[in-house]
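Undergrad: For what it's worth, the numbering used here labels the leading residue of the sequence shown as 1, then goes sequentially.
Simulated from the structure, these hints should not be mistaken for lab results.
Incorrect hints may appear among the rest.
Said to hold, decoys possible - Distance condition first, Cα-Cα at most 16 Å in a straight line; then the derived EDC-like pairs of lysine to aspartate or glutamate: (1) K305 - D50; (2) K206 - E232; (3) K120 - D215; (4) K140 - E377; (5) K120 - D165; (6) K299 - E74; (7) K92 - D173; (8) K195 - E176; (9) K127 - E369; (10) K305 - E20; (11) K43 - E266; (12) K299 - E82; (13) K43 - D26; (14) K92 - E232; (15) K92 - E82; (16) K206 - D165; (17) K195 - D173.
To be verified - Label-pair distances were calculated between CB atoms; the ranges are: (18) T334 - N16: 37 to 45 Å; (19) N340 - Q191: 39 to 47 Å; (20) R170 - A301: 42 to 50 Å; (21) P31 - A222: 43 to 51 Å.
Quick reminder that beta carbons are idealized off the backbone N, C-alpha and C, glycines included.
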Amino acid sequence: MTSKASGFADVPIPFNVPSELVIDFDYFHPPQIDQGDVYSAWKRLHEGPDIVWTPHNGGHWIFTRAADIKWVQENFQIFSHEEFSIPRVTNKIVMPPLTVDPPLHSRFRAVLNPYFWPSKVHEMAEKARALTIGLIEALKGRESCEFVSEFARVMPVTVFLGIVDLPLDRRQDFVEWASNYIGAADPRVRQIYLKKMSDYLAEVLKERSANPGHDLLSRIAAWRQNARYGGEHEVFGMAMLIFLGGLDTVANILSFTVRHLAQHPEQRRRLIDEPEIIPQAAEELLRRFGLSNTGRLVKEATDYKGVHFAQHDMVMVPISLSSMDDRLYQDPLTVDFGRNAPFHNTFGNGPHKCVGAPLARAELKIFLEEWARRMPEFCIDSNNPPITHSGPVNGVSRLNLLFSAQS
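Build the full structure now, drawing on both the sequences and the hints.
TA: Next up, the structure:
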């Protein structure tokens with residue numbers, strides 16, 4: 001038995017969804033996002049129930065509170081990572097280890113882990129520092145820049161391309177493919193960019209099998225020779241996961257960080273005068289600007305907090321709402337470099353925690369160290385205000401900076 005959502009979407013409401021939990025919320029276009037910040041648009045959900053359901057994007061639940069989001073992440077037997085795209089796709093790509101639950105998850109994680117061990121991260125961090133310094137020095141003497149295209153999508157992406165040994169002269173193509181695939185609400189647009197990435201990666205993986213190197217894609221291609229190899233979809237899926245994650249995540253972390261620092265000169269000064277606080281400042285910035293809004297597939301019917309989740313329901317766990325939960329953090333919207341935060345799950349929680357988190361942390365710390373002392377005076381160009389966007393990953397589309405004390 002179903003009913004229709006009234007007033008905002010012609011989508012059937014499942015029998016197990018109470019009408020008082022139905023809201024009008026499209027996570028690609030949250031209400032009032034055009035009037036301000038993407039996080040403000042999401043934060044409004046804290047004014048309602050802890051768990052809500054929206055008929056948009058195929059219909060799905062949204063968990064709005066940190067404790068419940070953590071519970072979902074840890075209970076993968078019920079809330080599976082097997083499907084994480086909302087809306088659900090018919091020709092889904094298996095992307096292990098992300099879309100594989102334990103115990104199989106660990107075998108694919110073991111393929112990727114060595115490239116993010118401390119010794120490897122240290123090696124890549126030195127490259128990130130050299131790149132950061134070079135990019136900042138190139139900006140000196142200029143009056144302005146567009147930070148997203150001129151820095152955020154250059155430094156971390158260049159480091160990533162070194163890890164996978166892909167050509168630097170294709171950087172802009174790769175970023176365009178990944179950002180359009182991740183951010184497109186229209187499944188037809190997603191398919192266009194999926195094909196571009198799929199065709200390219202298929203050729204690269206074929207070449208890496210024939211002529212292996214010491215890069216991560218060569219290691220992924222070598223999975224074909226493993227006794228536990230289960231099919232080409234595993235190799236292709238691991239490559240696609242790394243490709244998407246390496247081209248988008250840190251770029252958005254850096255962009256939200258710089259937008260914040262541009263608005264808070266007193267915190268910029270603290271980073272200069274008290275460099276010892278940078279590691280804690282980095283964690284606080286990571287907490288405040290959670291990025292991912294991913295889905296889970298309900299594998300078996302379950303009841304939680306008076307809500308019945310039917311088998312095959314889709315559930316969303318927005319990390320940004322966890323980061324802004326006043327039940328967990330005092331004054332959560334404030335960036336407090338002295339905060340002794342008990343927990344943040346910007347990189348996830350449970351077995352599916354982001355494999356690249358150690359490198360992302362290192363890159364953010366390096367950025368704060370070098371940018372603070374080399375580019376202390378900057379502000380947002382008030383004639384070209386920042387543009388943020390929502391979707392599977394919260395991000396910054398445009399961030400124009402002025403290198404002066406005047407806005």
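Undergrad: Among the hints numbered above, which are violated by the structure, and what are their numbers in rising order?
TA: Structure breaks hints 7, 11.
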